[in-house]
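**Q** Since chain A is already given, all that's left is putting chain U on it; use the hints.
So the sequence lines, in the order shown, correspond to chains A and U.
Numbered by our numbering, the letters in the first sequence go through residues 3 to 213 in order.
Numbered by our numbering, the letters in the second sequence go through residues 3 to 213 in order.
Please note that a few of the clues may not be correct.
Where chains are identical, the list cannot tell them apart; a pair therefore holds if satisfied intra-copy or between any two copies.
Claimed, not checked - Quick list of in silico lysine-lysine cross-link-like pairs, BS3-like style, CA-CA up to 25 Å:
| # | residue 1 | residue 2 |
| --- | --- | --- |
| 1 | LYS206 | LYS157 |
| 2 | LYS133 | LYS182 |
| 3 | LYS157 | LYS133 |
| 4 | LYS90 | LYS48 |
| 5 | LYS48 | LYS133 |
| 6 | LYS133 | LYS194 |
| 7 | LYS206 | LYS133 |
| 8 | LYS157 | LYS65 |
Simulated from the structure, these hints should not be mistaken for lab results.
There are 2 protein chains.
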Amino acid sequence: MSAIARRGLMLVLSSPSGAGKSTLSRKLLQVDSNVAMSVSATTRPKRRNEVDGQDYFFVSPEKFAGMLREDAFLEHATVFGNQYGTPKAPVEAALSAGRDVLFDIDWQGTQQLSQSAKDDLVRVFILPPSKLELERRLHTRAEDSEEVVAGRMAKANDEISHWAEYDYIILNEDIDQAEKHLYSILAAERLKRQRQTGLVDFVKILTGGLI
Amino acid sequence: MSAIARRGLMLVLSSPSGAGKSTLSRKLLQVDSNVAMSVSATTRPKRRNEVDGQDYFFVSPEKFAGMLREDAFLEHATVFGNQYGTPKAPVEAALSAGRDVLFDIDWQGTQQLSQSAKDDLVRVFILPPSKLELERRLHTRAEDSEEVVAGRMAKANDEISHWAEYDYIILNEDIDQAEKHLYSILAAERLKRQRQTGLVDFVKILTGGLI
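Only chain A is shown next, with the shape it has when bound in the complex (with noise of 0.2 Å):
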């Protein structure tokens, strides 16, 4: 990578259940150390192996509350009783450093984050590469009843009838070519123009500061 500052992005990952979203993001975080998944606060409690600012910031419903008032969310969610969002603060302090922040979101957190986030923001959508592999997929238990299945297959059409608010779509029918789509994905996009916040300075030099 070249010695160009530039601000880092948020790098959202969607797809329908089974996809491939959960084995891309993992080997992305393996390979490229200046991705680091976005950390939520929730109001749910902690579990015996879950680590405080690792897995969650485990806050409680009032400290929540406050936040919500303060405007400190990039997008949250109610689920199942408890409160989930996605602290603003350390976001903007990795995007500043110029380090990327991956979320493993749904489409409505997407239309959440589009809204707070803009610029900053690159949306991939990951889809199956056929109706017949989406269900192999979702019949992950012989004994799944014809219900279990159908619900989960209603959720996944859910998922997949957003995937036009995406920028980038890729087809998953290969995790090694998905792998090597996402990670072109992630270095064009450190190449745009507008990440590249030290060009500028750059330029100056290059031209002897004549423009």
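**A** Showing chain U alone in chain A's frame:
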């Protein structure tokens, strides 16, 4: 590459003289058979070693004037009394067939293309890595006079002054790295949702027509 039908893109490369644009163009055309160089129409006489329809479309001044009247050019310019222009029709035919078209043009051509092409355009500007290196590359021959070099430098600075009109900036410190950057940009841009025109039908089949 996936089997999803896509619309091609127009890849514009600009740079000051000696920044590596020609080398990058040539390598890209060698490694990626889906990319073809744009062919301009010109009123200048054909040289012995040139092939009509390959190096240029050689046309009469009357023919060129007629094409201008019909708004048949994406961009055009007059250089040393000869007219040059990029005909729209072959570019549109390539894009519709999912092929990408490479343009090795300056900031003026890019500005014109930006008016006529918009969403199909991917504009890449290549910068030399330092002032010293830029100067070194502009001193192509030992016998060049101060004036000749100063003239080249002024031309280079004029070109560089338009760097902020491009979508991506590649700093060419190392030609192999610059090449990789260019391929990443191309790979990523091909994954843009709007270019993958076949996705609309694919998603219908994927969801069994439910969305």
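**Q** Next step is simple, just say for each hint if it's right about the structure.
**A** Evaluation of the provided hints:
For a Cα distance limit of 25 Å, the shortest separation of LYS206 from LYS157 across copies, 16 Å, qualifies, whereas the shortest one inside one copy, 52 Å, does not. With identical chains, the CA atoms of LYS133 and LYS182 are at most 25 Å apart within one copy only, with a shortest distance of 23 Å there and 34 Å across copies. Only within a single protomer do LYS157 and LYS133 lie at most 25 Å apart by alpha-carbon distance; the minimum there is 14 Å, versus 56 Å between protomers. Within a single copy, LYS90 and LYS48 get their C-alpha atoms as close as 21 Å, which meets the 25 Å cut-off; across copies the closest is 61 Å, which misses it.
In this assembly of identical chains, LYS48 and LYS133 lie within 25 Å of each other by CA distance neither inside one copy nor across copies; the values are 38 Å within and 55 Å between. With identical chains, the CA atoms of LYS133 and LYS194 are at most 25 Å apart between copies only, with a shortest distance of 22 Å across copies and 35 Å within one. Within a single copy, LYS206 and LYS133 get their C-alpha atoms only as close as 54 Å, which misses the 25 Å cut-off; across copies the closest is 10 Å, which meets it. In this assembly of identical chains, the alpha carbons of LYS157 and LYS65 never lie at most 25 Å apart, being 32 Å within a copy and 59 Å across copies at closest.
When each numbered hint is compared with the structure, violations occur for hints 5 and 8.
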